[in-house]
Amino acid sequence: MALNFTQMGPATWVTRIDGIPFYLSDESGAVDRAQADLAAKVAASLPAVRDAASAYLDLFVDREKACARADEPWWLDEIEFRDPAGKGRAAYALHFTLDGDDGGLWTVGMRAFEDQHRPFQFERRQG
Numbered sequence: 510m511a512l513n514f515t516q517m518g519p520a521t522w523v524t525r526i527d528g529i530p531f532y533l534s535d536e537s538g539a540v541d542r543a544q545a546d547l548a549a550k551v552a553a554s555l556p557a558v559r560d561a562a563s564a565y566l567d568l569f570v571d572r573e574k575a576c577a578r579a580d581e582p583w584w585l586d587e588i589e590f591r592d593p594a595g596k597g598r599a600a601y602a603l604h605f606t607l608d609g610d611d612g613g614l615w616t617v618g619m620r621a622f623e624d625q626h627r628p629f630q631f632e633r634r635q636g
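In the numbering used here, the protein residues as written are 510 to 636.
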């Protein structure tokens, strides 16, 4: 899948897939090619990647307690391909919100392998 990127400031590039922004790093005035290749793979399997990350969050988060609705879906807000927490170029982060969980941002770190994308961490930010 060919993706078109737009520069956002001096160090960030962005594209949108199904309304979801994908943020990538700058490399000498151009989009980081390794991240762009990974972004294309993620875009091609976005529903499966989103489902895997959502299922991973459900292992740790009680949505009933977080937003007062156990059936509230995880809303994917953005995907970041910026070597989250020094995990390497084959890692990226999906940022989710829950309606009713005001100010909360839930993040799943994913790692890409040849045959699949697997979650390896989650975090919650309040802000």
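None of these hints come from the bench; they were simulated from the model.
Warning: the hint list may mix true and false statements.
[What the hints assert, rightly or not] For lysine to aspartate or glutamate, the following EDC-like pairs were computed, each having C-alpha atoms within a straight-line distance of at most 16 Å:
#1 574 x 610
#2 550 x 589
#3 550 x 611
[Said to hold, decoys possible] Pairwise CB distance ranges (calculated):
#4 624 x 521: 27 to 35 Å
#5 580 x 611: 14 to 22 Å
#6 543 x 574: 37 to 45 Å
#7 569 x 611: 14 to 22 Å
#8 581 x 527: 13 to 21 Å
Positions of the beta carbon are idealized from the N, C-alpha and C atoms, including for glycine.
Evaluation of the provided hints:
no.: 1; hint: 574 x 610; in the structure: 9 Å, holds
no.: 2; hint: 550 x 589; in the structure: 14 Å, holds
no.: 3; hint: 550 x 611; in the structure: 32 Å, violated
no.: 4; hint: 624 x 521: 27 to 35 Å; in the structure: 30 Å, holds
no.: 5; hint: 580 x 611: 14 to 22 Å; in the structure: 19 Å, holds
no.: 6; hint: 543 x 574: 37 to 45 Å; in the structure: 39 Å, holds
no.: 7; hint: 569 x 611: 14 to 22 Å; in the structure: 20 Å, holds
no.: 8; hint: 581 x 527: 13 to 21 Å; in the structure: 20 Å, holds
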